[in-house]
Amino acid sequence: EPEVTQTPSHQVTQMGQEVILRCVPISNHLYFYWYRQILGQKVEFLVSFYNNEISEKSEIFDDQFSVERPDGSNFTLKIRSTKLEDSAMYFCASKMEAGGLGTDTQYFGPGTRLTVL
Amino acid sequence: KNQVEQSPQSLIILEGKNCTLQCNYTVSPFSNLRWYKQDTGRGPVSLTIMTFSENTKSNGRYTATLDADTKQSSLHITASQLSDSASYICVVSAWDDYKLSFGAGTTVTVRA
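Chains as they are written, first to last, in the working numbering: chain F, 1094 to 1210; chain B, 3 to 114.
A portion of the hints provided could be inaccurate.
What the hints assert, rightly or not - Simulated crosslink set (EDC-like; lysine to aspartate or glutamate; CA at most 16 Å straight-line):
| hint | chain 1 | residue 1 | chain 2 | residue 2 |
| --- | --- | --- | --- | --- |
| 1 | B | K3 | F | E1137 |
| 2 | F | K1171 | F | E1111 |
| 3 | B | K19 | B | D71 |
| 4 | F | K1135 | B | E7 |
| 5 | F | K1176 | F | E1096 |
| 6 | F | K1150 | F | E1137 |
| 7 | F | K1135 | F | E1094 |
| 8 | B | K3 | F | E1152 |
| 9 | F | K1176 | F | E1161 |
| 10 | F | K1176 | F | D1156 |
| 11 | F | K1171 | F | E1146 |
| 12 | F | K1135 | B | D86 |
FYI, nobody ran anything at the bench for these hints, they're computed from the structure. Since the model is a prediction, treat every value here as computed from it, not as a measurement.
Using the sequences plus the hints, can you model the full thing?
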């Protein structure tokens, strides 16, 4: 069964450094998402991406964050200058169709655990 | 503001027993509600999805109900197994909304 994959599984970085988290969505999906989950807290929406542009972003997704789909298969999340509070599990998700009446499911990757020291 | 509240926060049950998890939401206009299972350190996996017109949906030993009038949903786990130990997350989406609203989850621990 197709699945969303993410690399690396665990990233440790120093505060102020740039990190890039990588995701390979399911191949025929059109909508892509990044979420984060701080330890012990609920999953939070970061950004959605469709047709090579951001569809929607949350308040968390400030200028330090950016997303890209550089080659038609990978979907990346870049954090330009990491802060301690960026330490979290970052999940990528993808789905085939739009929201609204659609009952399509977002398929989540296994996550990347980011630790900022 | 769209909100999803789940209860209880956690529960412990003996293997073979049943349990029911609750979800209340204020997401509007409502599109659909999903229950996800999240194992520790893993991504959420979809169990069920229900739209406005559906009031029950089953997936094996998992049965979800939805009351769109009272904006409540429940997830019933029948004959629990050790592998059911996980966090169960209620997720609601609004009409024409790209993002999902997540509950904080209920952590279920099944003991032998």
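Do the hints match the structure? See the list:
1. In summary, the hint linking B/K3 to F/E1137 is supported, as the alpha carbons are separated by about 14 Å, within the 16 Å threshold.
2. In summary, the hint linking F/K1171 to F/E1111 is supported, as the alpha carbons are separated by about 7 Å, within the 16 Å threshold.
3. This hinted pair does not check out: B/K19 and B/D71 have alpha carbons roughly 30 Å apart, beyond 16 Å.
4. With a CA separation close to 11 Å, the supplied pair F/K1135 and B/E7 stays within the 16 Å bound.
5. A distance of roughly 30 Å separates the Cα atoms of F/K1176 and F/E1096; the hinted pair therefore is violated under the 16 Å criterion.
6. Between the alpha carbons of F/K1150 and F/E1137 the distance comes to roughly 11 Å, so the proposed pair stays at or under 16 Å and holds.
7. With a C-alpha separation of about 27 Å, the suggested pair F/K1135 and F/E1094 falls outside the 16 Å cut-off, and the hint is violated.
8. For the hint pairing B/K3 with F/E1152, the CA-to-CA distance comes to about 13 Å; that is within 16 Å, so the pair holds.
9. A threshold of 16 Å between alpha carbons decides the hint, and for F/K1176 with F/E1161 the separation of about 21 Å lies outside it, so the pair is violated.
10. This hinted pair checks out: F/K1176 and F/D1156 have alpha carbons roughly 13 Å apart, not beyond 16 Å.
11. Taking the CA atoms of F/K1171 and F/E1146, the gap is near 15 Å; set against the 16 Å cutoff, the hint holds.
12. Only pairs whose Cα atoms come within 16 Å are accepted, and F/K1135 paired with B/D86 is rejected, the gap being roughly 19 Å.
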